[in-house]
Amino acid sequence: MGFGWKNVHGTGKAGDAITSGIEGPWTANPTKWDNGYFELLFKYDWELVKSPAGAYQWHPINPETKDLAPDSSDSSKKVTTIMTTADMAMKEDPSYNKISKRFLENPDEFADAFAKAWFKLLHRDMGPKTRYLGPEIPKEDLIWQDPIPKGNSEYDVASVKKEIIDANLTIQEMVETAWASASTFRCTDLRGGANGSRIRLAPQKDWEVNKPDQLIKTLNTYSSISSKTGVSVADIIVLAGNVGIEQASGRVLDFTPGRGDATPENTDIDSFAVLEPLADGFRNYQKQDFSVSPEEMLLDRAQLMGLTAPEMTVLVGGFRSLGITNGDYGSFSENKDKLSNDFFVELLDMDVEWKPVGNNSYLGIDRQTGKNVKTASRVDLIFGSNSQLRAISEVYACNDSNEKFLDDFISAWNKVMNSDRFDF
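The numbering used here puts the first residue of the sequence shown at 1, with every later residue one more than the last.
Please keep in mind that the hints were generated in silico from the structure rather than gathered at the bench. These numbers were taken from a predicted model, which means no experiment stands behind them. Heads up, the beta-carbon is just placed ideally off N, CA and C, and yes, glycines get one too. Hints may contain errors.
[Unchecked claim] Beta-carbon label-pair distances, calculated as ranges:
no. : residue 1 : residue 2 : range
1   : G15       : V274      : 41 to 51 Å
2   : V8        : K43       : 38 to 48 Å
3   : V8        : S76       : 25 to 35 Å
Generate the whole structure from the sequences, applying the supplied hints.
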């Protein structure tokens with residue numbers, strides 16, 4: 001019991017094994033590293049045959065004995081080497097042919113390319129090199145590791161904060177830019193985040209969700225401060241976001257310097273393109289209509305960032321209180337320069353009835369006057385309609401909960417801003 005399916009055909013192994021249907025070795029020495037794969041592929045013409053199990057595969061025409069392989073269960077026997085249709089593409093497709101011939105003629109180059117590809121396969125989800133341990137860490141920086149130059153951590157943070165404050169950016173500009181930079185972090189493969197300030201570079205600077213016109217204005221200001229102080233733009237982005245939260249909340253936030261600025265040369269544009277948010281419910285953004293609902297995409301994004309349900313809830317509510325949204329959806333606060341629990345108080349107001357006016361648009365109608373008093377998206381209303389999220393929202397909506405709201409918002413904010421700081 002518990003051994004899974006049992007093969008009752010013959011001995012159940014070796015020649016009686018049940019496989020995918022593809023049967024045979026690819027080289028004459030299957031247990032030895034060599035260049036036999038490319039040598040055999042280009043040495044022979046190949047014919048399409050069926051394996052003993054009935055699967056289509058390719059056999060060499062008139063192979064020499066030395067190019068046959070020992071049988072896996074009886075080394076005294078020889079079996080023909082095989083190729084699949086995918087293998088034949090390595091020879092017949094013009095693009096693959098060019099690559100395969102280069103490896104055929106340069107076995108050392110092939111060995112090096114394989115070693116690097118194998119290393120990438122095993123380490124792709126480990127994040128940046130700062131997380132590697134042990135004596136065998138390669139000295140070479142590889143572009144898929146998203147390398148970031150070491151940043152300066154020895155500077156007067158207070159003086160840089162003064163430069164940011166004197167720049168007279170709005171709270172919304174500072175907070176949105178910091179969020180846009182840091183919220184690319186993915187806890188699945190540990191890519192993205194504010195470190196590296198790749199929001200300055202293609203493709204992130206052009207993503208619709210990041211409001212490129214507003215972003216370039218803000219980044220130009222940060223670049224000027226960076227040139228003046230010698231502090232990385234990455235640090236300034238996060239520090240400015242903290243300044244915005246401090247101005248809106250009256251609190252003082254923790255800040256750890258040391259982020260670096262990546263360059264176009266160590267940024268793979270195509271690789272970073274997949275980090276673009278198709279939807280970001282935190283900013284009430286959706287690139288287009290999808291079969292998946294906006295609120296489900298919010299949950300997916302929160303999970304990708306490693307956030308809990310309370311953290312997701314308090315961040316959305318805080319952003320809405322600051323007017324960080326698309327259009328006026330969910331923006332219920334009169335004072336959008338104050339971080340408050342207004343979103344939750346207004347959302348749960350029983351004097352308002354919500355009615356749909358579009359696929360992702362709702363009007364809040366005053367039950368007494370019949371006037372339209374609010375607008376919201378599906379993402380906004382999920383915090384009142386979903387029982388679990390409503391329970392969290394009710395905590396933050398209480399008259400005596402604003403201090404807890406601020407504590408929890410700042411804690412969640414700091415978590416996002418530092419998600420990619422594996423160096424401390």
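| Does the structure break any of the earlier hints, and which numbers would those be? | Per hint list: zero violations.
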